[in-house]
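Spelled out from the first residue to the last, the chains are:
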Amino acid sequence: MSYSILIIDDEKNVRVTLGNLLKDYGYKIFLAERLVEAEKILLTEEISLIMLDLFLNQEDGLKWLKKMSSMKKYYPTTIIISGNVNPETLEKAMEIGVVGVLKKPFSSEEVINIIREALEKRSSKINILSSS
Amino acid sequence: MKLRIKLTIIFLIVALVSALPIFLISNILLRENIKLFINPDIERLIDQSLIKTKGQEESVKKLSLEYKKLKFFQETIEKSIYIGSLLVLFLMVIVAIVAGRLISKAITTPILYLLEGTKKLSLGDVDCQIRERSKIYEIVKLTKAFNNMIARIKKGKEDLVEAQKKLIESEKETTWQAVAQKVAHEIKNPLTPIKLSIERIIRKQEEKDPEFEQILKEGSQIILEEVEELYRLTHGFSEFAKLPKLEFKLNNINKIIEEVIEIQEKLYPEVEFHREFSKNLSLMVLDKNSLKRAFTNLAKNSVESMYEGGIVFFKTEQDQNMIKIEVVDNGCGIKEEDLSLIFEPYYSKKWGGMGLGLSIVKSIIEEHQGKIKVESKENKGTKFIVYLPSQREESEL
Numbered sequence: 011m012s013y014s015i016l017i018i019d020d021e022k023n024v025r026v027t028l029g030n031l032l033k034d035y036g037y038k039i040f041l042a043e044r045l046v047e048a049e050k051i052l053l054t055e056e057i058s059l060i061m062l063d064l065f066l067n068q069e070d071g072l073k074w075l076k077k078m079s080s081m082k083k084y085y086p087t088t089i090i091i092s093g094n095v096n097p098e099t100l101e102k103a104m105e106i107g108v109v110g111v112l113k114k115p116f117s118s119e120e121v122i123n124i125i126r127e128a129l130e131k132r133s134s135k136i137n138i139l140s141s142s
Numbered sequence: 210m211k212l213r214i215k216l217t218i219i220f221l222i223v224a225l226v227s228a229l230p231i232f233l234i235s236n237i238l239l240r241e242n243i244k245l246f247i248n249p250d251i252e253r254l255i256d257q258s259l260i261k262t263k264g265q266e267e268s269v270k271k272l273s274l275e276y277k278k279l280k281f282f283q284e285t286i287e288k289s290i291y292i293g294s295l296l297v298l299f300l301m302v303i304v305a306i307v308a309g310r311l312i313s314k315a316i317t318t319p320i321l322y323l324l325e326g327t328k329k330l331s332l333g334d335v336d337c338q339i340r341e342r343s344k345i346y347e348i349v350k351l352t353k354a355f356n357n358m359i360a361r362i363k364k365g366k367e368d369l370v371e372a373q374k375k376l377i378e379s380e381k382e383t384t385w386q387a388v389a390q391k392v393a394h395e396i397k398n399p400l401t402p403i404k405l406s407i408e409r410i411i412r413k414q415e416e417k418d419p420e421f422e423q424i425l426k427e428g429s430q431i432i433l434e435e436v437e438e439l440y441r442l443t444h445g446f447s448e449f450a451k452l453p454k455l456e457f458k459l460n461n462i463n464k465i466i467e468e469v470i471e472i473q474e475k476l477y478p479e480v481e482f483h484r485e486f487s488k489n490l491s492l493m494v495l496d497k498n499s500l501k502r503a504f505t506n507l508a509k510n511s512v513e514s515m516y517e518g519g520i521v522f523f524k525t526e527q528d529q530n531m532i533k534i535e536v537v538d539n540g541c542g543i544k545e546e547d548l549s550l551i552f553e554p555y556y557s558k559k560w561g562g563m564g565l566g567l568s569i570v571k572s573i574i575e576e577h578q579g580k581i582k583v584e585s586k587e588n589k590g591t592k593f594i595v596y597l598p599s600q601r602e603e604s605e606l
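Protein chains in written order, with the numbering used here: chain A, 11 to 142; chain B, 210 to 606.
Calculated from the structure, these hints are not laboratory results. Check each hint, because a few of them may be wrong.
[To be verified] Below are the EDC-like pairs computed for lysine to aspartate or glutamate, each with C-alpha atoms no more than 20 Å apart in a straight line:
1. K413(B) <-> D34(A)
2. K404(B) <-> E119(A)
3. K397(B) <-> E438(B)
4. K102(A) <-> D70(A)
5. K391(B) <-> D70(A)
6. K397(B) <-> E408(B)
7. K73(A) <-> D547(B)
8. K397(B) <-> D20(A)
9. K592(B) <-> D528(B)
10. K404(B) <-> D20(A)
11. K33(A) <-> E415(B)
12. K454(B) <-> E576(B)
13. K413(B) <-> E119(A)
14. K592(B) <-> E517(B)
15. K397(B) <-> E119(A)
16. K73(A) <-> E546(B)
17. K113(A) <-> E408(B)
18. K488(B) <-> E526(B)
19. K592(B) <-> D547(B)
20. K33(A) <-> D418(B)
21. K33(A) <-> E420(B)
22. K278(B) <-> E241(B)
23. K391(B) <-> D20(A)
24. K509(B) <-> E467(B)
25. K509(B) <-> E479(B)
26. K464(B) <-> E485(B)
27. K22(A) <-> E434(B)
28. K22(A) <-> E437(B)
29. K464(B) <-> E535(B)
30. K261(B) <-> D250(B)
31. K391(B) <-> E98(A)
32. K22(A) <-> E408(B)
33. K586(B) <-> E546(B)
34. K404(B) <-> D34(A)
35. K271(B) <-> D250(B)
36. K397(B) <-> E120(A)
[As the list claims (entries may be wrong)] Here are the in silico distance ranges between beta carbons for each label pair:
37. S447(B) <-> G107(A): 38 to 46 Å
38. E105(A) <-> D368(B): 42 to 50 Å
39. K426(B) <-> N94(A): 30 to 38 Å
40. R361(B) <-> G107(A): 53 to 61 Å
For glycine and all other residues, C-beta sits at the position ideal for the given N, C-alpha and C.
Construct the entire structure; sequences and hints are all you get.
Quick look at the structure:
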């Protein structure tokens, strides 16, 4: 089964290149420029992983994540993409359940590694949930 | 009523109240005393003695003569006493007025100095000191206390100016730190697609992907776009950083804006530029080049907020001790929640590219000790209001 990954970034070229990389590695990808678009995709598609830029054009990604996590009992694993994440933001993000941070500029290898790790964690979590 | 007049009147009243009864009593007493000597009984006795002695006794003749003299001068003596005491009374009044004036002057002059000092202080002159001339203990104390107060206010003002300077310095530093962080962040953004594109090209070439040529083309296009973005970023940053040292000279603000409009009219023929300049504006101490840049940025901001042409209106007028310059457009306007952020450097890439134009305007206006305000309604238009001080002291520059 191929995992579906939602990329939320306001930079077109980041979305495109990241999307191309993930497609090359066999993932199914969805792209969103804004959080409203992302919400629509989340409603209609089965998403395994979100890659989210915390500083979208004047939109607060962290607030959105909080809102999403409180709305759904179980929501997709999230990885943050950012130029610079300060420790406080990182702590808050981790509390909400963010599993990894990709610091710009990142390499293809870093992306693939972090995604694999996150999805492994996710499946073990699902296993625990389903066995219990 | 002035204290000086009041004190003089009081002295006068005191002098009159004490002198008048003395004047009246002494007059009556003296008259009564004269009456003791000018007595008809004495006259009769002298007359009888004269008859008895048949005018032969020398002493009686002399007495009669003296008495007649006395009687003759009675009225004159009475008048002299009256005039004399009137003179004394008049003298006392004069002394009272002079003393009243002198004493009141001694009290009121230092008070007037204090008043003058207070007026100067209220106008912000903290260098004024009051002359300590008075010999009255309380007034000397008051003057000293006032001078001490002024000295303290002066010290306080100097401390405040110093603190403000430090604050501005630290604000500048903080702004620069924020700008540097934002620049670093913005540069990392284009680096990511560049890196991923190059890695993909290499990967696909190694894999001998049949679509390699297409991938190479797409990847190169992204790299070129992002390199262009990097150039725009660094160019904008250097523009922001290189606000040259301003050269303040006497300039006509209307002329500066007119020059800006003439260039903008050529650049954007689809936009109508209107102007309403006040003719009564005096020459101001301004840096022409930086202000041309500021108003060019404002004009550009207006033009870029329009979809297909529109109107930009420039207006200048005197507003108390400031010159008010309005730049009004009928463009798309600014969202209310964004209004407080538009002067921040790197606020948004949607603003004329870099989000630096308006922050440059703000720093130029502030270098002129001026202010800039913005009013805007979405889909209606935006109004920028610039205030520049119409009079600045040379020492400030």
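Hint check results:
no.: 1; hint: K413(B) <-> D34(A); result: holds (9 Å)
no.: 2; hint: K404(B) <-> E119(A); result: holds (11 Å)
no.: 3; hint: K397(B) <-> E438(B); result: holds (11 Å)
no.: 4; hint: K102(A) <-> D70(A); result: holds (13 Å)
no.: 5; hint: K391(B) <-> D70(A); result: holds (16 Å)
no.: 6; hint: K397(B) <-> E408(B); result: holds (17 Å)
no.: 7; hint: K73(A) <-> D547(B); result: holds (18 Å)
no.: 8; hint: K397(B) <-> D20(A); result: holds (14 Å)
no.: 9; hint: K592(B) <-> D528(B); result: holds (17 Å)
no.: 10; hint: K404(B) <-> D20(A); result: holds (18 Å)
no.: 11; hint: K33(A) <-> E415(B); result: holds (17 Å)
no.: 12; hint: K454(B) <-> E576(B); result: holds (10 Å)
no.: 13; hint: K413(B) <-> E119(A); result: holds (14 Å)
no.: 14; hint: K592(B) <-> E517(B); result: holds (19 Å)
no.: 15; hint: K397(B) <-> E119(A); result: holds (17 Å)
no.: 16; hint: K73(A) <-> E546(B); result: holds (17 Å)
no.: 17; hint: K113(A) <-> E408(B); result: holds (17 Å)
no.: 18; hint: K488(B) <-> E526(B); result: holds (8 Å)
no.: 19; hint: K592(B) <-> D547(B); result: holds (14 Å)
no.: 20; hint: K33(A) <-> D418(B); result: holds (14 Å)
no.: 21; hint: K33(A) <-> E420(B); result: holds (14 Å)
no.: 22; hint: K278(B) <-> E241(B); result: holds (19 Å)
no.: 23; hint: K391(B) <-> D20(A); result: holds (16 Å)
no.: 24; hint: K509(B) <-> E467(B); result: holds (15 Å)
no.: 25; hint: K509(B) <-> E479(B); result: holds (13 Å)
no.: 26; hint: K464(B) <-> E485(B); result: holds (12 Å)
no.: 27; hint: K22(A) <-> E434(B); result: holds (11 Å)
no.: 28; hint: K22(A) <-> E437(B); result: holds (14 Å)
no.: 29; hint: K464(B) <-> E535(B); result: holds (15 Å)
no.: 30; hint: K261(B) <-> D250(B); result: holds (16 Å)
no.: 31; hint: K391(B) <-> E98(A); result: holds (18 Å)
no.: 32; hint: K22(A) <-> E408(B); result: holds (18 Å)
no.: 33; hint: K586(B) <-> E546(B); result: holds (11 Å)
no.: 34; hint: K404(B) <-> D34(A); result: holds (16 Å)
no.: 35; hint: K271(B) <-> D250(B); result: holds (18 Å)
no.: 36; hint: K397(B) <-> E120(A); result: holds (16 Å)
no.: 37; hint: S447(B) <-> G107(A): 38 to 46 Å; result: holds (42 Å)
no.: 38; hint: E105(A) <-> D368(B): 42 to 50 Å; result: holds (46 Å)
no.: 39; hint: K426(B) <-> N94(A): 30 to 38 Å; result: holds (32 Å)
no.: 40; hint: R361(B) <-> G107(A): 53 to 61 Å; result: holds (60 Å)
Of the numbered hints listed earlier, not one is contradicted by the structure.
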